[in-house]
Amino acid sequence: MKEFLVQTFSDYRTTIIFLHIISAVLWVGGMITMRFAAHASCSMIEDPKLRMQRAAHALNRLFNIAWPAATVLIITAILMAVGLAFREAAVDANGNVIDAYAMSLYQIVHIKEAIWIVMVINLGAMMYRRSQAEKALKLDNLARAKDMLTPIAQYMVPVNIALGLIAIYMGVVLRNAY
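Per the working numbering: the sequence shown = residues 211 to 388.
Treat the hints with care, as some may be off.
[Stated by the list, open to error] Straight-line alpha carbon distances no greater than 16 angstroms define the calculated EDC-like cross-link-like pairs of lysine to aspartate or glutamate that follow: (1) K356 / E344; (2) K259 / D350; (3) K322 / D309.
[Stated by the list, open to error] Derived CB-CB ranges, DEER-like: (4) D309 / K259: 58 to 66 angstroms; (5) D257 / A299: 25 to 33 angstroms; (6) N270 / N304: 43 to 51 angstroms.
In case anyone wonders, no lab produced these hints; they're calculated from the structure.
We put the beta carbon where it would ideally sit given N, CA and C, even for glycine.
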């Protein structure tokens, strides 16, 4: 399997890196746009039910872009981590550190992967909350819909934006290393 990943990365390096970057841009950029443009626009709608319906609809559209982007991001991250041989540069076959700088880069790779995984889990939770809000709106249960949507805008999207920006920065650090 490792040989397949290394060969795939070797054969499609530019395409894989492009897909990785564009996926991060779509996901993180989409969340930034949603939080600072669409959210502000939705908050101007006076009718609470209509405001929440528009917010739920906009989130659904975002998630329909973010979920595939997150999937591509994780796949390309694995291809790059294996294909660029971060582990082989850092440790020998027995797991002994052979290069401290390479080991620090290898640790950044793992931290970055962990960040994206936390973001995917948060994305899944946001998708669930949005679907619950939509169900509540269909039943005219505005209080439940608000309870489901409010944490998305106030906490969950901002957390993913911050984590995404950190991961992107770490990607730049890694890119400058090879």
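These are the hints, each one checked on the structure:
1. Using a Cα cut-off of 16 angstroms, the hinted pair K356 and E344 holds, with the two alpha carbons roughly 10 angstroms apart.
2. For the given pair, K259 sits about 8 angstroms from D350 by alpha-carbon distance, which is consistent with the 16 angstroms threshold.
3. At roughly 20 angstroms between alpha-carbon atoms, K322 and D309 are farther apart than 16 angstroms, so this suggested pair is violated.
4. Between D309 and K259, the C-beta spacing of about 60 angstroms keeps the proposed range 58 to 66 angstroms intact.
5. Against the hinted window of 25 to 33 angstroms, the Cβ-Cβ separation of D257 and A299 comes to about 58 angstroms, which falls outside the hint.
6. For the pair N270 and N304, the supplied restraint of 43 to 51 angstroms holds, since their beta-carbon distance comes to about 50 angstroms.
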